[in-house]
Amino acid sequence: MAKRRIKSSSSTTMATTLLAFFLLFSSGYAAPVSFTPKDNFLLDCGSTSFATLPDGRIFLTNEQSKSMLTAKDDISVSVPSADVPLAIYLSARVFKEEATYTFKMGTAGLHWVRLHFYPLENSQFDLTKDADFDVQTADYVLLDNFTMQNKTGWFLEEYLINVKNEEFILKFIPKSGSVAFINALEVVSAPDPLISDTGSALFPVGSFTGLNNYSYQVSYRVNMGGPLVSTQNDTLGRTWIPDTNYLRSANLAQNATVAPTAVRYPDGNTVTALIAPQWVYATAQQMADAEVNTPNFNVTWDFNVDSGFSYLVRLHFCDIVSKSLNDLYFNVYVNGKMAISGLDLSSINNALATPYYKDFVVDEAISGKKITIQIGPTPDNTGTRNALINGVEVMKMSNSVNSLGGQYGVDGTKTAPGGSGSTRHAVAAVGFAMMFGAFAGLGAMVIKWQKRPQDWQKRNSFSSWLLPLHAGDTAFMNSKASMSKSGFYSSTNLGRSFSFAELQEATKSFAKDEIVGVGGFGNVYLGEIDDGVKVAVKRGNPQSEQGITEFQTEIELLSKLRHRHLVSLIGYCNEHDEMILVYEYMSNGPFRDHLYGKNLPPLSWKQRLEICIGSARGLHYLHTGAAQGIIHRDVKTTNILLDDQFVAKVADFGLSKCGPTMEQTHVSTAVKGSFGYLDPEYFRRQQLTDKSDVYSFGVVLLEALCARPAINPALPREQVNLAEWAMQWKRKGLLEKIIDPHLVGSINPESMKKFAEAAEKCLAEFGVDRPTMGDVLWNLEYALQLQEASSHGKAAEEESSVATIPTPAAAAPPAATEAASAVPIPLPEETKSPAEAQALEGHSGTAMFSQFADLNGR
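Count along the sequence shown from 1, add 5, and you get the number used in the numbering used here.
Calculated directly from the structure, the hints in this document are not laboratory data. Each statement offered as a hint is correct.
The list that follows gives simulated cross-link-like pairs (lysine-lysine, BS3-like), each with its CA atoms no further than 30 Å apart:
1) 603 <-> 758
2) 180 <-> 77
3) 77 <-> 169
These numbers were taken from a predicted model, which means no experiment stands behind them.
Model the full assembly from the supplied sequences, consistent with the hints where possible.
Right, dumping it as C-alpha cells:
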C-alpha cells in the first residue's frame, strides 16, 4: 500500500505561445464543470470541537456523529498538538471490540471513502503497537490486518466504492488482543462518469468492459512535472502529489508548465475537471534535451504495488509544449508492453493544450509488485522527437472475493490462485487451452473477451458550463486546537458560532479605532482571533434598515458558497440580540477606493482587468454554480474587495436572491440595490433575473475605465449618470476622451475597445439582449490578452532598438513582427506558477475578510 505523505515542491517556468492561444479560443471549448456531492459525511472521530480543513470542509464532532456509530466502547483520545498537517489527526476513536458506522445514503453510485490514521501518543494505548484490525463494508474488505507498525506519520487510505444500498456501513474489527482506531473518515458522493465502464486491456490486447463492477483503492495520484495539487484546487477534493520520487532517472526528464487557464477542456464532456483539474493538465514531464540530433530514450516512472491484484492505470495527457498541430507523436508503455503507439494528442480534439486520458487494466499476471510507466519517441522521424505525460493514477481493483485488503472476502471466502477480478476470464481461457490445445484455448479466450456483457449504460455527462475554479478553495481555521471552547459549528454548516465575549476581546470591545468600514448593516471592525488571525467583524446596527432577514440571508448563502472569488464567511454571533458576522480580512479594501476618492496609487490597466475578471468569475459562479442559481442584486465597486495580492472577491450577499426555477423566467420581488447600478428593466417591472447583475457589472466596468462614481450629482446634468454619459461617448467613437488620465498612453486601444464593447453589451436596455456573465468573462479575458500582447510587443521593440543601430530606410522585417507576437501572453493568473497560485489562494483561509471604509450601500 502506498503511503500518502504530501510535500510541496517548487513550481517551474511557464511557457505557452500566441499561436496556441488563438487555437484554443477559436476551437469552441466548454469550461470545466463543478460537482456538489449529495452525500457528504465528514467525521472527526474522537473530537469535541469542530475541525475545519484548509479547503473549507468542516468535520463533525463526536457528539454530532454519535447517532451513526454502534459500539460497546466509548473511548476517545486526543492531543493538543502534533506534527500533522490537519487538525483531524489530533483526536481518534479507539475500539476494543467490533464497531460499526452506519450512513443513510441519499444516492446510490460511486462514493469516496477516505480513512485517516495517525497513531497519536496517549496515556491509554500505544496505537503503533497495539492496533491490528480489519475494516469492512457490507460487501468489501477494505483493510486486512491493518497496523501502523513500520509506518511513520499520518496515513490516508482512499477508496472509490460503488454503493448500491440505502445504508452504507463501515466496520472496524480489532484482532484478538488488539484495538482498532480511526482519526477521521469521509463518505462522499463521487460523480458516476468518473469511472467509465470500458478501458483497455494490455494482455491480451483489447477492450476491457465491466469496470463499474469493481471497487477501487487509490494507490497513487501523481501530478507529473508539477507541484502538489491540494484539495483546494481539485473539483473533487483530491490530492495530486509530485512525481519526483517515482522518476527512475530524473536527468532524462524535463518539466513543462503553462497557466491552468491555458488548458481548455474539449466539447462533448468526455474530459472535464471531474476527471482531473486544470492544475494537473497544466504541468507535464517531457523528454530532457539530450543534446543529440536524434534523441532515443524513454522517461520512466516506477510505482510499487501490492501483488495479487489487478490495477486500473489512468494516464493523463495534454500537449502544452507543441507550437503546431500534428507535430508530436510518441509511444506509451506500461510494464514493458505497448499501451499507445504513435499518440498524436492534437489530432484527438484538433487542438493543443486539450486534456485527454486513457484507462488501462494491468492484470495481476503482469503487474507483479511494480507498475512501470514509460514514454518515448516513435522510431520514425515524423515531427518533433519528444514525449510527455501530465498525470498518472494507479488504483487497485477489488479481487474475486470483493477484497481490497487481502485474499479473504467479508464472508471468509478465499481467492483462487490467479483469481483477482480482472483475471477470472483469463483463468477460464487457460482451462480451455488445457482441454483443446494452445490455439483453441487462445481462440476461446478472445471470443469470450469480445462477448463480455455490454449492458452497462453510459453515464450521463455533467453540465460543462462552470468556471474552472474550485469550490472548496476557501479555508477557514486550519487548526482545531485554535477553536475556543465556546465556538462550535451548527449541523447546518453555518460556520463557527462565536460568543459575544470572544468578539469583544477580538475587537477591543468594539473600539472606534478598530472600525474599518461602515455600511447599511452597521460598522465593520478589524479583529484578531485565536493566534493573531485577522478578521473583519461586521456588527449589525439595531437601527439599521437591514435586519434579521439580511443577516440570515448572508449567513445561509455564504455558508453554502465556496469560491476563490467570493468572500469567506468565518462565522457569526447571535447572542444578546446581537447580529454579528465574521469574515476573512482583505487588506486592500474595496475596488472603488483604488479608483477614486482615496488618493491611493492608481491601478494599472492590467490590474483593473484582472480585478474585473476575478469579479466576473465570482458572479458567474453565483449564477451557474447552484442548481437554481443566485442573483447578487447589489453588484458595485464597494462590494468587490481586494486581498493583499489584489485578488478580487465579490462581497455582501444580504440582498441576494435565488434565481428563477426551470419553469420561471424571472423572480418577482421588490426593487433593492444601489442607485447608479440598478437595472432599469428590473426597476420598471420588478422582475429580477441574473441579467440584472450583468447590468450592474457593466457600470462597474465603466468605473474601472473612467475612475469616477456611478452617480455624481455635483457634475453637469448630462454627466451625472456614468452609464449614460460613457455610452454617449462610446457611440461617438470618442470613449478614450473620458478614460482615467492615469491610463492614457498605457492602455492598448484594441484592449480598451473590447472592454468597452463588453460594458456596452452589459448595459443593454433589455435583459434578453445582455450577455451572460460567462460571455462577459470571455471578452474580458480577451481584452487582457490584447493588452498583454501589446505590452510584450513594446518590450520586444525596445529591446530591438537598443540592440540595433537604426538606419533611415530600415523597416522592421516581417520576422521581427512575428517574433514579437509569439511571446507568451499570460492569462489573469499566468503570472504565478501553480505552486505560487496555491500559496496565494491559501490566504483565503488564514487571512480573514473585510468590508470596509465608506461601504455605504443599500
